[in-house]
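Student: Could you build the full structure based on these sequences and the hints that come with them?
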Amino acid sequence: MSIVLRLAWRNLWRQPRRTWLTTGAMVFSNLLLVFMMSLQFGMYGLMIDNTLQVFTGHLQVQAPGYKDDQKMRQTVADVLPLADAIRAELGSDRVAARGWAFALASSEERSFGIGIYGVETVFEPQVSNIPGLVSDGRYLASNDAAEIVIGKVLARNLRVAVGDELTLLGSGVDGSFAAAVVNVVGIFDSGVKDIDRNIAEMPIATFQETFFLDGAGHQIAIVADNLDAVPEIQSRVRSVLPSDGDLLVLDWNELQPGLKQAIQADMGSNFFMYFVLVVLVAFSVLNTQLMSVLERTREFGIVMALGLKPGRLGRLVILETAMMGLMGTGLGIVAGGLLTLWFTGNGLSLPGMDEMAAQFNLPARMYPEVSALSLLAGPLVVFLFTMLAAVYPALRLRWQNPVEAMRAA
Amino acid sequence: MTAVRCVDLCKTYCQGDQDIKALDHVSIEIAESGFVCLSAPSGGGKTTLLNAIGGLDIPDSGEVYVAGQRIDNLSKGALAELRLRQIGFVFQAYNLIPVLTARENVEFVMQVQGVAAADRHEKSTAILKEVGLEGLEDRRPAEMSGGQQQRVAVARAIASKPSLVLADEPTANLDSKTSDELMELFTHLNEHHKTTFVIATHDRRVMKYARRLIRMLDGRIVDDIDQRAA
Amino acid sequence: MHLFGVLFQLAWRNLWRNHRRTIIMLGAIGVGVWAMIFMTALTRGMVDQMVTDSIGILPGHVQIHNPDYLDDPSISNRISYTDTELRQKFESAGFESWASRVRVPAIVTSERDSRGVTLLGVDPVAEKDISFFDYAEVEGRFLSDSGDKGIVIGGKLADKLETGLGKRIVIMSQDPDNDIADRGFRIVGLYSANTSAVEEAYAYIGKSTAQAMLGIGDTSTEVVFLGTEYRNVEPVYEAVAERVDERVSVQRWYEIDTYLGTMLGVMDGFVLVWVIVIFLALSFGLVNTLVMAVFERVREIGLMLALGMKPGSILGQIIIESMLLLTLGLATGNLLAWATIMPLRDGIDISIVGEGMEMWGASSMLYPKLYLGDMVLASVVVLLLGFLASLSPAWRASRYEPVEAITKA
Numbered sequence: 001m002s003i004v005l006r007l008a009w010r011n012l013w014r015q016p017r018r019t020w021l022t023t024g025a026m027v028f029s030n031l032l033l034v035f036m037m038s039l040q041f042g043m044y045g046l047m048i049d050n051t052l053q054v055f056t057g058h059l060q061v062q063a064p065g066y067k068d069d070q071k072m073r074q075t076v077a078d079v080l081p082l083a084d085a086i087r088a089e090l091g092s093d094r095v096a097a098r099g100w101a102f103a104l105a106s107s108e109e110r111s112f113g114i115g116i117y118g119v120e121t122v123f124e125p126q127v128s129n130i131p132g133l134v135s136d137g138r139y140l141a142s143n144d145a146a147e148i149v150i151g152k153v154l155a156r157n158l159r160v161a162v163g164d165e166l167t168l169l170g171s172g173v174d175g176s177f178a179a180a181v182v183n184v185v186g187i188f189d190s191g192v193k194d195i196d197r198n199i200a201e202m203p204i205a206t207f208q209e210t211f212f213l214d215g216a217g218h219q220i221a222i223v224a225d226n227l228d229a230v231p232e233i234q235s236r237v238r239s240v241l242p243s244d245g246d247l248l249v250l251d252w253n254e255l256q257p258g259l260k261q262a263i264q265a266d267m268g269s270n271f272f273m274y275f276v277l278v279v280l281v282a283f284s285v286l287n288t289q290l291m292s293v294l295e296r297t298r299e300f301g302i303v304m305a306l307g308l309k310p311g312r313l314g315r316l317v318i319l320e321t322a323m324m325g326l327m328g329t330g331l332g333i334v335a336g337g338l339l340t341l342w343f344t345g346n347g348l349s350l351p352g353m354d355e356m357a358a359q360f361n362l363p364a365r366m367y368p369e370v371s372a373l374s375l376l377a378g379p380l381v382v383f384l385f386t387m388l389a390a391v392y393p394a395l396r397l398r399w400q401n402p403v404e405a406m407r408a409a
Numbered sequence: 001m002t003a004v005r006c007v008d009l010c011k012t013y014c015q016g017d018q019d020i021k022a023l024d025h026v027s028i029e030i031a032e033s034g035f036v037c038l039s040a041p042s043g044g045g046k047t048t049l050l051n052a053i054g055g056l057d058i059p060d061s062g063e064v065y066v067a068g069q070r071i072d073n074l075s076k077g078a079l080a081e082l083r084l085r086q087i088g089f090v091f092q093a094y095n096l097i098p099v100l101t102a103r104e105n106v107e108f109v110m111q112v113q114g115v116a117a118a119d120r121h122e123k124s125t126a127i128l129k130e131v132g133l134e135g136l137e138d139r140r141p142a143e144m145s146g147g148q149q150q151r152v153a154v155a156r157a158i159a160s161k162p163s164l165v166l167a168d169e170p171t172a173n174l175d176s177k178t179s180d181e182l183m184e185l186f187t188h189l190n191e192h193h194k195t196t197f198v199i200a201t202h203d204r205r206v207m208k209y210a211r212r213l214i215r216m217l218d219g220r221i222v223d224d225i226d227q228r229a230a
Numbered sequence: 001m002h003l004f005g006v007l008f009q010l011a012w013r014n015l016w017r018n019h020r021r022t023i024i025m026l027g028a029i030g031v032g033v034w035a036m037i038f039m040t041a042l043t044r045g046m047v048d049q050m051v052t053d054s055i056g057i058l059p060g061h062v063q064i065h066n067p068d069y070l071d072d073p074s075i076s077n078r079i080s081y082t083d084t085e086l087r088q089k090f091e092s093a094g095f096e097s098w099a100s101r102v103r104v105p106a107i108v109t110s111e112r113d114s115r116g117v118t119l120l121g122v123d124p125v126a127e128k129d130i131s132f133f134d135y136a137e138v139e140g141r142f143l144s145d146s147g148d149k150g151i152v153i154g155g156k157l158a159d160k161l162e163t164g165l166g167k168r169i170v171i172m173s174q175d176p177d178n179d180i181a182d183r184g185f186r187i188v189g190l191y192s193a194n195t196s197a198v199e200e201a202y203a204y205i206g207k208s209t210a211q212a213m214l215g216i217g218d219t220s221t222e223v224v225f226l227g228t229e230y231r232n233v234e235p236v237y238e239a240v241a242e243r244v245d246e247r248v249s250v251q252r253w254y255e256i257d258t259y260l261g262t263m264l265g266v267m268d269g270f271v272l273v274w275v276i277v278i279f280l281a282l283s284f285g286l287v288n289t290l291v292m293a294v295f296e297r298v299r300e301i302g303l304m305l306a307l308g309m310k311p312g313s314i315l316g317q318i319i320i321e322s323m324l325l326l327t328l329g330l331a332t333g334n335l336l337a338w339a340t341i342m343p344l345r346d347g348i349d350i351s352i353v354g355e356g357m358e359m360w361g362a363s364s365m366l367y368p369k370l371y372l373g374d375m376v377l378a379s380v381v382v383l384l385l386g387f388l389a390s391l392s393p394a395w396r397a398s399r400y401e402p403v404e405a406i407t408k409a
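Residue numbers (the numbering used here), protein chains in the order written: chain A, 1 to 409; chain B, 1 to 230; chain C, 1 to 409.
There's no promise every hint is true.
[Said to hold, decoys possible] Straight-line alpha carbon distances no greater than 20 Å define the calculated DMTMM-like cross-link-like pairs of lysine to aspartate or glutamate that follow: (1) B:K76 with C:E404; (2) A:K193 with C:D68; (3) A:K193 with C:D72; (4) A:K67 with C:E355; (5) A:K71 with C:D179; (6) A:K71 with C:D159; (7) A:K193 with C:D83; (8) A:K67 with C:E404; (9) A:K193 with C:E255; (10) A:K67 with C:E358; (11) C:K310 with B:E169; (12) A:K152 with A:D189; (13) C:K167 with A:D69; (14) A:K260 with C:E355; (15) A:K67 with C:E162.
FYI, nobody ran anything at the bench for these hints, they're computed from the structure.
Tutor: The following block contains the structure:
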């Protein structure tokens, strides 16, 4: 170790309590930053996945205007062949065509207005998690069966069970009266009340027939392997669309603009909090380093009188700060990483989180996700601000006159 | 009436792996309104003896009486009370509280004792005048010379009318002229207020002011001279 | 008391002895406290807005339902009291803001399309104190009385149904005998709300009209009561509960809207956690400052002890110094918070993440709410924890041996 390094290191330990307390402030902030960021990014990932996997998917082919208005006549013509073409182009099964309609569902005792998806029974399970959530009975068997699966709350409200019949009344694509009688074959339980109360699924061919859709549907949902692959898939899907039509390929952010913005809003408030923590650490460091410079005024005066340039002393102070900063960063990353890992294994649950989680399609127990970003981003910013905080104390040295410095008590 | 009586005091310090006998069977009596110098080379035990008398340090064995009251077996709180009410201290340096002015330093002990403000003010004014610091009442220690600071310390030590003032090397940081002035002040106060003074020093010029000179070496009293006769 | 005077004087002067350190600490505490209160005000503002919006649309701090209604909101689960009985119970008892309503799920059909809505039969006269139509904008007019034959729907719903002011729509619901009850209405008003989800969800008709259409005589499905403040609904709750029997259930608003209720609790918890986290980040600097202050003053502490000051007074002196520092910091922080929040009273436009906020259930204007209680909470927590944090350095200072301390080089 060079003499300057050794000098800096020893200076640091002249006041061990102070050094530990300042380092402690860094470790505390770093620990929080690492943990919070890991939790946050883990949560955002889940929010996106869980929201999109219910119905939205990563991409959808739709008619223009359908996203905002969801009108019956804003259709995708020949939706099944088009879905086949997309599947062939992408070499993936995770593509499914759907129709959507509003109808009055009546049991013997009750009637409720519900939203009904007409789905491709084979491919729907590849793009949505609803088919997998059928807790009673089974999922739809074939595209032309007169069957329906409904949510748990709806089943309770309609007072129906698996095997009962439902009458559907609605309007067809041309505004004419549409009706069908279907068998309840399955009841799903998604845990999200709005979905369990308002949504039903039936086979797409039966659906098209009931609502006079004549081979048309309203959307084709496509799921990509990951979010990064979305833009590429989007352009490949576009290439398959009929060139004379005006169909759109919308990505998840266009389909669910609230999702990204909810994340941005949350990030905004979190970054405000992180920033405050970092600023407080900077104050702590500024205080410590300024004190350490002031109490050594006399000593520095002597060294300067011996001919050492103030600039070198300034660098010494910067070096001391850097050492302290590195300790704080290192210990903070380790402590934060360990804490996060523990919760990654055990999960984290807070009172009231069930309700909050349900609103955002999140599980009630959260598992933070350690990544290089969440592990390093916070501590690096803390380190940066630590070094910034040392600038003023170091500069003070440059302004110092050796004789005055020596005279100081 | 004796102001201070010590019987067979012993005190041993550990320094490194060596035991140092700071007090080795010391017995003395100091009469009321006495003016006594304890002299010894450094490490001779004078500060230890002074601290034992002042209740700042407890001897390993032996008895200490101040104004007839035995103090070596008192609790810390009782000792603090004793120091507050009956003993005035003048130390070698760092005698004053830096954030307080001369007057406030003098009033400090009285304030802790609970003396009323008007009373305090009157007393501090009088005493600061007596020690020759009239006009400097509102200066802080950093704005005064070493001699002036020691005068403030003396003023504080006698302000609450203690029966005993203990001074440990009060002139160590002063030049000879200022030392003489301070010692004359001590003499004046001793005669004027009948306060007992015990001054630890190794400065010969200080010793000559004392009426009684006790010499110590290696924790033992080696000489006890009544200087009035000389 | 005289002793306190001495200690206070010493503490105050000692505080300004190292003015740089004190100013840096004041800066840190000021920023910390500002962040505590500012963030809290934003949070409070958001939650207040959410609650006011939610309660505003369907006002009622305390509500009465048939015990089965909440799980199964069907017309069969009506309140067992008639309107006449309700009037006898509550009008004479001095309840000012109360109303009964008919709320049922229904289907609204235009020439073009149909949708599910929540149909509300309201008495505009009784609702006039509590209705959100006081502040929601209505194009056209709102219902004039309980027997009004018109309907008021949200602008967004009108868009989706491709209908508009003055056009006719058909409302379909279910009567108690499970027969379809339907009736045509002319749209007399279109309302706009903070979120499009609300505009799509509710349709308003006169209460008598609704009762006639559903054939339920003069019964209703809910009775709502408004208190003075949504956070304090207990007085109303108790008064209402006293006057009804077990055939109905009385609930506070947060028991009905559990998401909001939980949100409120979570936010309260968040505020406290945030205040504590900031304090912890500050505490390192605070303890550091005190340790330094004690360290620099070892000799004079020894002197004071030698002069007969009790250790307890030394302890008190350090604690007073710490409390003074914190109080000044709190004053700075609170002032800073007030000064930054006041200019933002008229709201912060965060419509850039508006759809995200909608997902959180909040609107895209954020009105920071500075509550005295929050300022007091932050201050009390800071002083209390500050007191605890100062104990260790203060205790150490009071334990010095006077002789050793004085002779300390």
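Student: Output the indices of the hints that this structure fails to meet, ascending.
Tutor: 5, 7, 8 and 11
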